[in-house]
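J.: For reference, the chains in residue letters:
Protein chains: 6
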Amino acid sequence: MFFNIKELQYHAKPDCPDPVFARKLQEVLGGQFGEITVAMQYLFQGWNVRGDGKYKDLLMDTGTEELAHVEMLATMIARLLDNAPLATLEEAAKDPVINAILGGSNPQHAIVTGLGAAPSDSNGYPWNAKYTIASGNLLADFRHNLAAESQGRLQVARLYGMTNDRGVKDMLSWLLARDTMHQNQWIAAIKELEEKEGIVVPTTFPRELEKQEVSYVLFNFSRGDESATGRWAHGPSMDGHGVFQYVQHPQPLAAAPKLPPAPPYIYDTPPYALRNDNAGASLPPMV
Amino acid sequence: MFFNIKELQYHAKPDCPDPVFARKLQEVLGGQFGEITVAMQYLFQGWNVRGDGKYKDLLMDTGTEELAHVEMLATMIARLLDNAPLATLEEAAKDPVINAILGGSNPQHAIVTGLGAAPSDSNGYPWNAKYTIASGNLLADFRHNLAAESQGRLQVARLYGMTNDRGVKDMLSWLLARDTMHQNQWIAAIKELEEKEGIVVPTTFPRELEKQEVSYVLFNFSRGDESATGRWAHGPSMDGHGVFQYVQHPQPLAAAPKLPPAPPYIYDTPPYALRNDNAGASLPPMV
Amino acid sequence: MFFNIKELQYHAKPDCPDPVFARKLQEVLGGQFGEITVAMQYLFQGWNVRGDGKYKDLLMDTGTEELAHVEMLATMIARLLDNAPLATLEEAAKDPVINAILGGSNPQHAIVTGLGAAPSDSNGYPWNAKYTIASGNLLADFRHNLAAESQGRLQVARLYGMTNDRGVKDMLSWLLARDTMHQNQWIAAIKELEEKEGIVVPTTFPRELEKQEVSYVLFNFSRGDESATGRWAHGPSMDGHGVFQYVQHPQPLAAAPKLPPAPPYIYDTPPYALRNDNAGASLPPMV
Amino acid sequence: MFFNIKELQYHAKPDCPDPVFARKLQEVLGGQFGEITVAMQYLFQGWNVRGDGKYKDLLMDTGTEELAHVEMLATMIARLLDNAPLATLEEAAKDPVINAILGGSNPQHAIVTGLGAAPSDSNGYPWNAKYTIASGNLLADFRHNLAAESQGRLQVARLYGMTNDRGVKDMLSWLLARDTMHQNQWIAAIKELEEKEGIVVPTTFPRELEKQEVSYVLFNFSRGDESATGRWAHGPSMDGHGVFQYVQHPQPLAAAPKLPPAPPYIYDTPPYALRNDNAGASLPPMV
Amino acid sequence: MFFNIKELQYHAKPDCPDPVFARKLQEVLGGQFGEITVAMQYLFQGWNVRGDGKYKDLLMDTGTEELAHVEMLATMIARLLDNAPLATLEEAAKDPVINAILGGSNPQHAIVTGLGAAPSDSNGYPWNAKYTIASGNLLADFRHNLAAESQGRLQVARLYGMTNDRGVKDMLSWLLARDTMHQNQWIAAIKELEEKEGIVVPTTFPRELEKQEVSYVLFNFSRGDESATGRWAHGPSMDGHGVFQYVQHPQPLAAAPKLPPAPPYIYDTPPYALRNDNAGASLPPMV
Amino acid sequence: MFFNIKELQYHAKPDCPDPVFARKLQEVLGGQFGEITVAMQYLFQGWNVRGDGKYKDLLMDTGTEELAHVEMLATMIARLLDNAPLATLEEAAKDPVINAILGGSNPQHAIVTGLGAAPSDSNGYPWNAKYTIASGNLLADFRHNLAAESQGRLQVARLYGMTNDRGVKDMLSWLLARDTMHQNQWIAAIKELEEKEGIVVPTTFPRELEKQEVSYVLFNFSRGDESATGRWAHGPSMDGHGVFQYVQHPQPLAAAPKLPPAPPYIYDTPPYALRNDNAGASLPPMV
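Protein chains in written order, with full-length UniProt numbering: chain A, 1 to 287; chain B, 1 to 287; chain C, 1 to 287; chain D, 1 to 287; chain E, 1 to 287; chain F, 1 to 287.
If we strip away everything but chain A, and leave its shape as in the complex, we get (with noise of 0.2 Å):
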């Protein structure tokens, strides 16, 4: 169960109005890596979590905490499209130096949420379930924390150096060092689970199952052998049960497929429609 407190965690307060990068903003609001991505995934991860502990209080601790970015985000851009003229009335409308600036703006800022923030990304496409994962293996879904929290820190940090607005500037601040902890933590956590279980996910797959001749082998497809010099392809691998090998010609180990022709009802390509010998290629009779 939640509560709400109306107090934002942080200042989200611009110096100016500014259409352009409220448009921008939209990105780390509402896009593949935006607030609304974490605080979903987070919720879903501790919600299916089974067990229960320090991992699900994480997750609900941190999930609970995007939510209020989301806030903050939502209120910057809400205040960013104050004052501005975007929705300009017919004599602003005139003035191609203020039409030619907003044309970097999200039109439905102003038709649409009439000034304020939409759970979408920076050109105007909506948030969507599938950037989330809450696949029941917490390895598996703090690794994918620590990338969406290493993809949103960068997209933040690129936002930072696109403006010179105090407010906006103090408010990208905190979340670039929530990001940091974020990014903390979710290496804490893998690092812990990775001594208790391993590092290949899923830990618990029987490895005799696998088909273990080439599960440590690099096989080159692009031509050069560059990846040759990596670490990935020599000494002892990373989970300590095999060793990298690296194969310079790959070779194909099953012949080329050959599909039988699909039953009649399927109303495929007929057989005698493939044959390769055009001479066969007087029409059939039809039924």
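Keep in mind that a hint or two might mislead.
Pairs involving identical chains hold if they fit within one copy or between any two copies, as the list cannot separate such chains.
Derived pair list, reagent style DSS-like, types lysine-lysine, alpha-carbon separation capped at 25 Å [stated by the list, open to error]:
no.: 1; residue 1: K211; residue 2: K13
no.: 2; residue 1: K13; residue 2: K169
no.: 3; residue 1: K169; residue 2: K211
no.: 4; residue 1: K258; residue 2: K169
no.: 5; residue 1: K13; residue 2: K258
Think of the hints as simulated: they come from the structure by calculation, not from any bench.
We have chain A already, so just place chains B, C, D, E and F on it with the hints.
T.: Structure of chains B, C, D, E and F alone, referenced to chain A:
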């Protein structure tokens, strides 16, 4: 530039038809963490690498191999649909038992693809490019790759237990082994990059520009202190730049936001209607 | 800012496993009118309110409660998947009866989420943000809220009849009651706003700027005059500003449009090829 | 069955080209609440009505009219793109001012549709059927219709202020008037149905099967009691069956859920790795 | 402008209920090549025709007819759901046989549409406008129309074999015949346009601006020379402007690209971390 | 199985940075008819061919070549973003002219991909697999291929006129030539198959099972008889099996459908509320 040979990297031949399993197998072909995802993700990362050398080569090697896995899965699915009572003639349509079993098959395998594989997941949801990322920051991207391979191997392991067809299991054992390698290789590459540049992505963002007071703080937003017992709540941070702290009662740092009214031409709720006082509920003079 | 407690708002415990019903229940969790929709919709409306007071508080109260409903449904679905023969071992895979029944389950519950809930609907289609609206105009939005609660309660009522599990029914009876409240509350809020500002959204758009001749006219575009007998076809209009009229034979008011040719660099069909006269069909001199 | 005449219901002719406004106008053609949405929604509701008579006729009348609005908007957009420097020849491409202004146009209007309208919104997001509902319950659906017409008219009103083209404004004044009618007619139909069957959808669900203790309760989940001052927090409920109550400190009614471990073949996090005690962190014997 | 009559173009009445077939039939209503696709595609092509005359009229004729097919399919699906044990009462929920058969039905037909059709495909994926194209170039578009009618008739033919309901078969025989006509008509229109303007779309692009050396070359990128035996590999090209050639060993014409580093504010992988030499792996001084 | 070489099939090097054109170029990389579409479509068609020989080889040849085009476009886009003032430092953010021009760029090129290409279209909409088809029926699929190549070349031709960068034009001239070949080759393959099996897909469906009375009839559903003058309205049908007819006044052949009420547990509108007679509007006794 690419070349194809029609031989398969490994066998993809089931013992028996099984249209219900064909549907399930679509998940690791065209789902969120299926082979199309990793193929496209690695190729785009490779093309977007700014610089050259072993990382780019590794990405192109692996992305190109994943195309071969897409091919194997497409072949396997087509064969699982061979000779299946999937698209029954009228007579077959009368048999309730067959119909019941076929309830778990994907109707599009008969209607749309004519007994072929589709680039969709096990629920018929089409693959889309938002499953992938190529950010230009390799540490961020390799973490995403590791996460994708972890989820992918997890799904293949689950599928392994859902069939007793030796041909299918044989192919899955190949995919499991390759995913073992791919997890190992991304871990190796991540370790190398972390040693070179640090661990908090992006590593080059100036630390003094983030709000460092909260860079190593775990806020307790979910009642109960289990998360305080984790490694992430005490001791030096994983990046070596701070000390983890636990805040039991997080406080908001900013006042509840109040947004001013929108200008009239936005046609938001008019200010007089937002006033709490119902006394003023008499309708204002209309234009 | 948000806080979570791990206790549930209400019980979410089925008597028995039922993976087929777990799939169906996804509809009201992650479907078009599921709990994620109303949670996200009310929160964004709350954040975008321009002004403060009871409407914003009501939105935040209700949006925050809906998060608790997401939590209950996620928990219920995970429990319905417990002990189910969903992801059968090889042995179970041989039983046609079990397989047949499982035809109605969602394969992603086993393959993707590992017996957990997903933020998708009953066909595995992921939740997306276009299910929601936060327009800044509360009367428009509250009508959407009422519509969503009406569809939502309808779906829960239908699900209620599809199970005989007492635990599931108990939880659904809670959701039905809450939806009763939410329909009542939005009706109350709508009524209040309509009394304050009028009923045709947006109420502040100057009426003389619309084409008032057709503001209260029902055009008969479908043969038969049954619709002429409704309240909407005669008597004073609901907004009190006009009188409903019925036009039996609507006429077009503008000529059929003829668009001029596009410029050559658009490479639309060349004008000479569009001419009706086939006589001119000789190929023009190519560039 | 349908018939088309090529004349337009109303004029759709701008005074001047304006590719930037053409992009914006797409919102009310192919957006979430655009004309395609209402056309498809009313037609499907009409086809799904179980019973006949005036409601079905009203739906078919209105859905068929909306097709005419799709046609008008498509025509207007094509004309706004006529003679525009949208898809510039090489020479025009050199002019930074034109380029800047064109920044706000939709590149697909030149590249994809060849100066024609597209069934997408103002950000190029394609129309999809999840914008619509036809539930079989007319009261639920008519409320959705009223909501859609409210959002739609709001968006048209906003667009009206963003242009000073008299031809465009003339067409928008027509759409505004028709949306006035459509809001009025759905209100009339809703009122009639509510008088016949009650107001809480579905009205036929037995009230004693819902958890009536909470059917009229407002839970205060967001700190602050402003919402307690609303009509929804005291007095008789809108449906006449209860009395609104306000609960200042809502309490959870069910314990925090603990989900049991998944079976081994699901490969979730193994139970020993979930135990809080780090002492047990030694790796178990692997298979 | 459009008119509707409520009579159907042709019968749409099944002999018996069949909710499983109702799900399958959705494919040709709301799927990729279903009737909504062709209706919307032809209407938008018609509205976007720049010029007037028989092509526009043909598009409007056919697009308007397709609306009637949407109507027929919606009606048929609703009737297939009548009297079906789809949304069973509690008692029915106990019968495993019925449940098993219903595994193949679409749960949204009961939960969401209340025994009505939905604008989605046979897996519940909603129709979206990216299935369609209206490019302004009629030859390009008519080819797409022919392709869509070919896929559409193929799907209807497959469905014909999956049922033994005479009423359903009767309606499908109508759709098959209409698709025969529509394939014939687009072939006729394509032939006419090709005779007028040529066959390589766009026909008006100056040939000397393309890289004519490779305009008629088949590159052998997949090992094996079977494709060299086709008509496309020798003899005059189909457009009459060249001669087909076969290149057995295609060579790249451009060097492997090396992208320069991104500027620092993009926070891509820093150049020192991309250097192959691991010797330089000591962490640089951080800011 | 696939191999990659890092050299490009053809040059992909612009003369100058141009982030606005980079956005536009995304259309033919990741749009509806971009290179990803044809690559995936041809490969899946190749894998699903039931039978072997020259058609499969042609598909694999061409699909593999398209991967090289994806590579060229990704490279070109990354280079167009090099040295562009896209992601400006604070100073650059102050320049309104630069900002205005950048209004037309894709913000995700800076924020998400770090100056790299994305698998999306020119509006940032991600590529998805529903752009493709592999039906198992080659004649149907080759028609779709021809349509895709026609739209694709049309889009490239339009882009050619929107830039004056010689490097970009050089690469586009390559793509235009290859699309010329691909249109030619699919036309050749279609012609061959039509000669072998006939032209109405699927050609093997028994003609007597379709409603042959309407197999060659053009119904006039849009007022005006221009379409009667086309080849499709008179003379022998293109498939040689019938004679085109024109029906000026099409009549419905089936009565208006009336659907019976749904069972009570579906909670559709109750029958008494659907009755036209308002006299009966008194509320029935509730349960």
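J.: Does each hint fit the structure? Answer for all of them.
T.: Verification of the supplied hints:
1. K211 x K13: Close across copies (16 Å), not inside one copy (57 Å); limit 25 Å.
2. K13 x K169: within (10 Å within a copy, 36 Å between copies)
3. K169 x K211: The answer is between: 10 Å across copies meets 25 Å, while 52 Å in one copy does not.
4. K258 x K169: between (60 Å within a copy, 20 Å between copies)
5. K13 x K258: between (64 Å within a copy, 11 Å between copies)
In this structure, every one of the numbered hints holds.
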